[in-house]
Structures are given as C-alpha cells and as structure tokens.
Amino acid sequence: MAEQSIISPENLVYKKTGVMTDRELHYCPGCGHGTAHRMLAEAIDELGIQSETIGVAPVGCSVLAYYYLNVDMQEAAHGRAPAVATGIKRVLPEKYVFTYQGDGDLAAIGTAETIHACNRGENFLIVFINNGIYGMTGGQMAPTTLPGMKSSTCPLGRDVLTMGNPLKITELVAQLPGTYYVTRQSVHTPGNARKARRAMKKALEYQKENKGTCVVEVVSNCPSGWKMNPVESNKWMEENMFPFYPLGDIKVPGKGLVSDGKNGS
Amino acid sequence: MKKEIRLMKGNEAMAEAAILAGVDAYFGYPITPQSEIIEYLMSANTAERTGMQVLQAESEIAAINMVYGAAGCGKRALTSSSSPGISLKMEGISYLAGAELPCVIVNVVRAGPGLATIQPSQSDYFQAVKGGGHGDYKLIVLAPSTVQESVDFIRLSFDLAFKYRNPVMILSDGIIGQMMEKVELFEQQPRLSEPPEWATRGKKPGAKSTVITSLHLESEDMEQVNLRLQAKYREVEKHEVRFELFRCEDAEVLFVAFGSSARIARKAMDLARSKGIRAGLLRPITLFPFPVEEIRRLAGQVSGMLTVEMNAGQMVEDVRLAVNGRTPVEHFGRFGGMIPGPDEILEALETRLEEWHQKQPA
Amino acid sequence: MAAKGDIIIDIERCKGCQVCLDACPKDVLEMSRKVNSKGYQYTVKVNSDCTGCANCAIVCPDAVISVYRVK
Ligand SMILES: Cc1ncc(C[n+]2csc(CCOP(=O)(O)OP(=O)(O)O)c2C)c(N)n1
Ligand code: SF4
Ligand code: SF4
Ligand code: SF4
Ligand SMILES: [Mg+2]
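Protein chains in written order, with our numbering: chain C, 1 to 265; chain R, 266 to 627; chain F, 628 to 698.
So that you can see chain C by itself, here it is in the shape it has in the complex:
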C-alpha cells in the first residue's frame, strides 16, 4: 500500500535522462562505459544543451555511443576523434562539442591528434575512458596497461623493459597551455559518478567561455578484458588502477596544475 503511493509521477527522483535513447546498451555486464555515457548525458541535460551538442565517437567499445547518446554525432576512425572534433568546432564554434575516447584510441593511435588538439586549445571536451586495456578487440595491452598487468598480448604481464611504461597522458596534456581544465574521475560508486558528472558539466560550461580544451578522464573497468566479475573488477580498479592513476583534479582554472599524478590516493 505504502509502495503504491510512493511510486507516482510526482515522487519520481531519478530515471534515465532523455539525453539517452531508449536503446539497450550492448556493453558487457557491469562495464563503466554505460555509466560514463549517462553521466555525460545528464551533464548535457542539466545544462539544457542537447540541441546544441555534437559528439564524436571513435573506434573502441564505445564506437556505437551514438546508439545511446541522443545528440547529433559523428563516428570517427580509430584515434582521430580530436581531429574530427577540431573540424566540427572550427566550422560551428557556437556548438558544444565532445569526443568520447578509449585509452587505446586516445593514448596510442591517436596520441598526435590528442596532444595537438590540446596544444591548440581546441574548445571541446575530451571524455577519456581509461580501462587499461583494448576492450573492443578482446583485451590486448593498451598504453595504459599497468606494469605486470596481464592481457592477451602480454600474457605474462606487462614487462616495462620491453613494452614500455604505462602512459599518463592526462598529466601530459595538463602541462600544455592549451588545456584549461583537466581532471581524473571514476563512475563505479554513486559518489564518484556524481563527481564525474559535475566535472563533465563544468567542462561543458567552460566551453562556452572558449577557454581551451577540457579533459575528463574516467578510470574505468573492463570486466571482460580483465577476466573478472564486475564487482571484483571495481575492487581491483580501486586497489591497482587508482594508486597509479590517482583520482582528482589535475589542472584547475585559476590555479593551474594542482597534481603531478605522483601521489596516490
């Protein structure tokens, strides 16, 4: 009885935002991509800019982001989203533009496009999903794969002597004068997800002021690639990814660099 009276339209406090489509997501159970999409969509919703937003989804598990994000979108070649977004923003400077890129996309094949877009201070938001692996192609090593972490192309664990060290590209681009707001978030707990949404909202607001590139990294999981169940993967992420990729702001308007990425949380 009580339940019936609670579930009524005027009591609704949370449902899937209209900036997402009704389509079922194809992501693996527990994958952070779905939550990250929704936090971005909610940020767009809160700002009321759905009809002024154009997104770019390059190759990666989230290449079909345009199935789910209910905004105009362009699919881009692997790594090229920042160049595509540059093309969009240069001809439509009044629109809100974002890219949504994986770590293989952004920090390996698209390193040049990413760094140069940031260096030019292109006025768009880069949402960077760092799951330390190539999810889409079946769990190969990414530039962000942790030392010793296993993947299908480093089955004995990443050997930094022969395979290089993980690349903290977010700290790297924070050094560039072209970036305005750079932060690292996660979406695996309610508190973290809310913070990530706030960060994306802030970044979109800054875009209006033409201040430069904003980068919101989301350290995320890949239960399939990591070969863990979703709950385990989130725990593993907290214990292993966060010490290497500490959460929090890296570059803040007015203050500049606030973290060198060395101090773990």
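These are computed hints drawn from the structure, not numbers from a lab.
Quick reminder that beta carbons are idealized off the backbone N, C-alpha and C, glycines included.
There could be a bad hint or two in this list.
Keeping only pairs whose Cα atoms sit at most 30 Å apart, straight-line, the calculated DSS-like set for lysine-lysine is [claimed, not checked]:
#: 1; chain 1: F; residue 1: K665; chain 2: R; residue 2: K473
#: 2; chain 1: F; residue 1: K661; chain 2: C; residue 2: K195
#: 3; chain 1: C; residue 1: K195; chain 2: F; residue 2: K672
#: 4; chain 1: C; residue 1: K202; chain 2: R; residue 2: K469
#: 5; chain 1: C; residue 1: K202; chain 2: R; residue 2: K468
#: 6; chain 1: F; residue 1: K653; chain 2: F; residue 2: K665
#: 7; chain 1: F; residue 1: K665; chain 2: C; residue 2: K262
#: 8; chain 1: C; residue 1: K16; chain 2: F; residue 2: K698
#: 9; chain 1: C; residue 1: K208; chain 2: R; residue 2: K532
#: 10; chain 1: R; residue 1: K473; chain 2: C; residue 2: K202
#: 11; chain 1: C; residue 1: K16; chain 2: F; residue 2: K653
#: 12; chain 1: C; residue 1: K211; chain 2: R; residue 2: K468
Stretch by stretch, here's where chain R covers chain C in the computed footprint (C-beta under 8 Å, at least three residues) [what the hints assert, rightly or not]:
#: 13; segment: 39-48
#: 14; segment: 90-98
#: 15; segment: 143-154
#: 16; segment: 204-216
Chain F is faced by these chain C residues, among others (derived, beta-carbon under 8 Å) [as the list claims (entries may be wrong)]:
#: 17; residue: V13
#: 18; residue: P29
#: 19; residue: G32
#: 20; residue: G164
#: 21; residue: A193
#: 22; residue: R194
#: 23; residue: K195
#: 24; residue: R198
#: 25; residue: V231
Given the coordinates of chain C, assemble chains R and F with the ligands onto it according to the supplied hints.
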C-alpha cells in the same frame, strides 16, 4: 561585372578559387610541390573576406579527419597535399566515402614510390581512381591540364561532391601546380547558408538525432550500403563523364593522355600530323568516371592507341579495358619526375605504328 | 516506520552485474533466483527500507532502475 584576369601559379590559383567558391574550411599540412596553397590561404585574410577557416594541421591524417568533421556538419571542406601526404590521407578518404561526405581533396602529384622526388608525376593514377584506401569505393576524379581548369575544377568539384555526397579528388601534378598562366577568375560565391538535412548541426527538439558514420555491423546492412554506393557510382558514370577531343574526326591513330601529359601529347600530335600521320588526342578530364564509351567508339576507327603518362603505365589499363581487344593499346611513359618531350612521344608512336601495320590482316 | 522511497527495476534490461547491490546503504537489493529472458539474474527488492537515495540507479551501467521518493 567584368571577370578578373590574372597571371597566377597553379597552386595559388586553386587557393584563390577556393575562397571565391565560398569554401568554409581548409585543413592542410605542408608538402612540396603544393605548399603554396596553404601559404596563399594563410596570407589571404580569409576570415575577413568570406569567413573561411584555414588551419595547419599536425599531419595529413589529422587534416583529412578535420575535413571529415567539417564535412559532416554540411560545410564545404577542402584539403590538399602531394603524393606521400595523400597516402596518409587514404584512411580518412575511405571513411569519407563510406560516410558519404562531400569534400574536395587536391593531389599535386609528385613521383614515387616512397619519398622519391619532388618532381612532377602522374604515378598516383591508380591510387586516385582505383581506391587507395580500403573498401569498395570510388572518388570522382578530375584532372586539370591548365591553371584555368585548376580554378574552374575547384568550384565544379564542390558542386559534384554535394550533388553525389561523395569525396572528389582533383588530380593535378607538379607541372600544373607550379606553372604560371593567365586565368579568368569567377565571381565571389556565397558560403552555404542552409545546411543539408543529413548534416550534424545539433539535434532539433523532437527530431531524431543525426549520425555520420560508415559503420554497419550487420553484413546484410553493409551489403545494402555497398549496393547503394555502387548505384551512385553508376549514376556518376552515366552523367559526369568529361573529356576533350583533338582532331579525332579523321584520326587513324589516337593518343590518350590526361593532365599535363595531354599538353605534351598534343604537341606530339601536331608533329605527327606535319609528317602525314593522322593522329588524334583524347584527353580524359574525369578519370572516374572514365570516358569508356568514347574510347570504345574510337577503337573502331583507329589502328591503335598510345597512352602518354608520366608513370610506368597506369591509365593504359583502363583504356585497354574500354577497347577490349578491338585495337592495340600501348603505353609510353617517362617517370621518376622526368617529363616526356614531344619528339620522343612521336618516335614511340612511329615504332608502334610499324608494329600495328604489320599486325593488320592482309 | 513508513518507507520513504521505492524503486522500479526494469528486470528485462538488468544484466545481473551486481554493481547496484554494494551501492545501496539499506541492503534493499539482492539478486533473483530466476533469470530474465536474456539469461541474466536480475535485481530484486528484499525489504522496504528504501530511502529513495538513488545510489543504485546512478551506478547501474544499464540505467535499469527508476527511483521515487516522498518529498
Ligand atoms: C586503424 C585501426 N587499427 C586497429 C583497429 C582495431 N581496434 C578497434 S578498437 C581498438 C582498441 C580499442 O581500445 P580502447 O580505445 O582502449 O577502447 P575500449 O574498447 O577499451 O573502450 C583497436 C585496436 C581499428 N579499428 N582501426
Ligand atoms: S569489452 Fe570491456 S570495455 Fe568493452 S564493453 Fe566489455 S567490459 Fe566494457
Ligand atoms: S534508492 Fe537508495 S535505498 Fe533505495 S534501493 Fe536504491 S540505493 Fe537502496
Ligand atoms: S547495476 Fe543495474 S544491471 Fe547491474 S545488477 Fe543492478 S540493476 Fe542489474
Ligand atoms: Mg580501453
């Protein structure tokens, strides 16, 4: 208003034509022999003249993807490069063709393979006409042979690109790009005011979102997309073939040559005529669509055809396909940046003529 | 104490990842014994202590949960 006549270098003329054609954005990366295009645009104060955006990208890969982004917004986007740079653009060109985005790519061809030389060449014919990037796609390819055509083709290319929602390549070369000629410029055209309905411009409230993509996961869908593309290419073949004929009415032998080779072949044709050889010249202007019908028609008239190309023999394959064995087709080429002279072309023709006459049934 | 909040679970869309379970401060959620048509166990309510805090809905990658709260 009187049209303006100016003495201009091929590359600079194309850059000016881009501004006059109302192009919205140019993205490029320097490479000889075409850097004058971006240099000209950067000094032309395009922002004030028309609002055209000009950006030097970090690579040809970035430049072509910037073109993709701008073209996806329904804008007129242009890039230019030369052979090694065009190779880098091929991934993006395939995506543009797959997503059916209109844009124009200028290739001021230099010799290859590899870094090779900055000297002129036509060795990118296959890359331009047969694909170059992955997948079953076609570019519309225009080959100018004068600075005037370089100017006119900028405007024509954008018209074709938007008519068919397809990338267009202007296949120029180091000779035409660097040469000074008199050109008549056209009047300033307005930039596009109304975006096409397929462009991403921000989702209208209540409407479905617009998506630019070349991805179709289901094979059934992908086959349909391919069929649609093929149907479009057949339409292009039906309506857009362009070529020029010189003295073909009574020709007994035919030169086939495009771009700057056609200029030289024309001189060779005159030399041949002065020696009593009734030579003609067919100059394909569109390399895709190729003037198949016209070549087929002439195959019934002439005793042989000689293509003149600054490559090791590329267009000759398309001429042979068109002729389909009805008359001999041979190739004469200089390459690696060497430019053939009319004398050696005539000599090559005379040698072939003997062979062809011997082959003829008694 | 009367319940303040409630949720609707779109069980057909649930992928049984269990991420929502940990997020709930009131231990309202458990996994079903049965599976949905896609073969996933789905989230069910096991008590009426829900406060309508929306934690579960926010972390659900598949946006399966809608939340109601008496204001
Ligand atoms: C040019 C090119 N090279 C390789 C691939 C294959 N490929 C697709 S996605 C991907 C890696 C994706 O990893 P990431 O960017 O981290 O995204 P995730 O799937 O992990 O979210 C690769 C290598 C491709 N599509 N295109
Ligand atoms: S492969 Fe990994 S990143 Fe991709 S959907 Fe599955 S869990 Fe997510
Ligand atoms: S709304 Fe809050 S209390 Fe209710 S089930 Fe969800 S997490 Fe638990
Ligand atoms: S988080 Fe969502 S998908 Fe996962 S078990 Fe809970 S309701 Fe189901
Ligand atoms: Mg990844």
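To see whether the hints hold, each was checked on the structure:
As the CA atoms of F:K665 and R:K473 are separated by approximately 28 Å, the hinted pair is consistent with the 30 Å bound. The straight-line distance between the Cα atoms of F:K661 and C:K195 is roughly 35 Å, outside the 30 Å bound, and the hint therefore fails. For the hint pairing C:K195 with F:K672, the CA-to-CA distance comes to about 27 Å; that is within 30 Å, so the pair holds. Of the pairs offered as hints, the one joining C:K202 and R:K469 holds, with about 24 Å between alpha carbons and a cut-off of 30 Å not exceeded.
Note on C:K202 and R:K468: the hinted pairing holds, with a Cα-Cα distance of about 22 Å set against a maximum of 30 Å. The hinted pair formed by F:K653 and F:K665 meets the criterion: a straight-line CA distance of about 28 Å does not exceed 30 Å. For the given pair, F:K665 sits about 44 Å from C:K262 by alpha-carbon distance, which is inconsistent with the 30 Å threshold. At most 30 Å may separate the alpha-carbon atoms for a hinted pair to count; C:K16 and F:K698 meet this at roughly 20 Å.
Distance check on the hinted pair: C:K208 and R:K532 sit about 61 Å apart at the alpha-carbon level, beyond 30 Å; violated. Taking the CA atoms of R:K473 and C:K202, the gap is about 27 Å. The hint holds against a cut of 30 Å. Taking the CA atoms of C:K16 and F:K653, the gap is near 22 Å; set against the 30 Å cutoff, the hint holds. Among the hinted pairs, C:K211 with R:K468 is consistent with the structure: their alpha-carbon atoms are about 25 Å apart, no more than 30 Å.
Residues of the segment 39-48 of chain C with a Cβ under 8 Å from some Cβ of chain R number 0, which does not satisfy the need for three, so the listed coverage is violated. Restraint check on the segment 90-98 of chain C versus chain R: 4 residues with Cβ-Cβ distances below 8 Å, three needed, restraint holds. Coverage of a stretch by a chain is defined here by at least three residues with a beta carbon nearer than 8 Å to that chain's beta carbons; for the segment 143-154 of chain C and chain R the count is 0, and the condition is violated. By the rule of at least three residues with a Cβ nearer than 8 Å to a Cβ of chain R, the coverage given for the segment 204-216 of chain C is violated, with 0 such residues.
With 8 Å as the threshold, the beta carbon of C:V13 comes within range of chain F, its nearest partner Cβ sitting at about 5 Å, so the hint holds. Satisfaction of the interface hint for C:P29 is found here, the shortest Cβ-Cβ separation to chain F being roughly 4 Å, below the 8 Å cut-off. Against a cut-off of 8 Å between C-beta atoms, the interface hint on C:G32 holds, since the closest Cβ of chain F lies about 7 Å away. Look at C:G164: its Cβ only gets to about 31 Å from chain F, farther than 8 Å, so that hint breaks.
With a cut of 8 Å, the hint placing C:A193 at the interface with chain F holds, because the nearest CB-to-CB distance is about 5 Å. For the restraint placing C:R194 at the interface with chain F, the shortest Cβ-Cβ distance is roughly 7 Å, inside the 8 Å limit, so the hint holds. Because the beta carbon of C:K195 sits about 11 Å from the nearest beta carbon in chain F, more than 8 Å, this interface hint is broken. Taking 8 Å as the C-beta cut-off, the interface hint given for C:R198 is violated, the closest approach to chain F being about 12 Å.
With its C-beta approaching chain F no nearer than about 5 Å, C:V231 sits inside the 8 Å limit, and its interface hint holds.
Taken one by one, the earlier hints fail for this structure at numbers 2, 7, 9, 13, 15, 16, 20, 23, 24, listed in ascending order.
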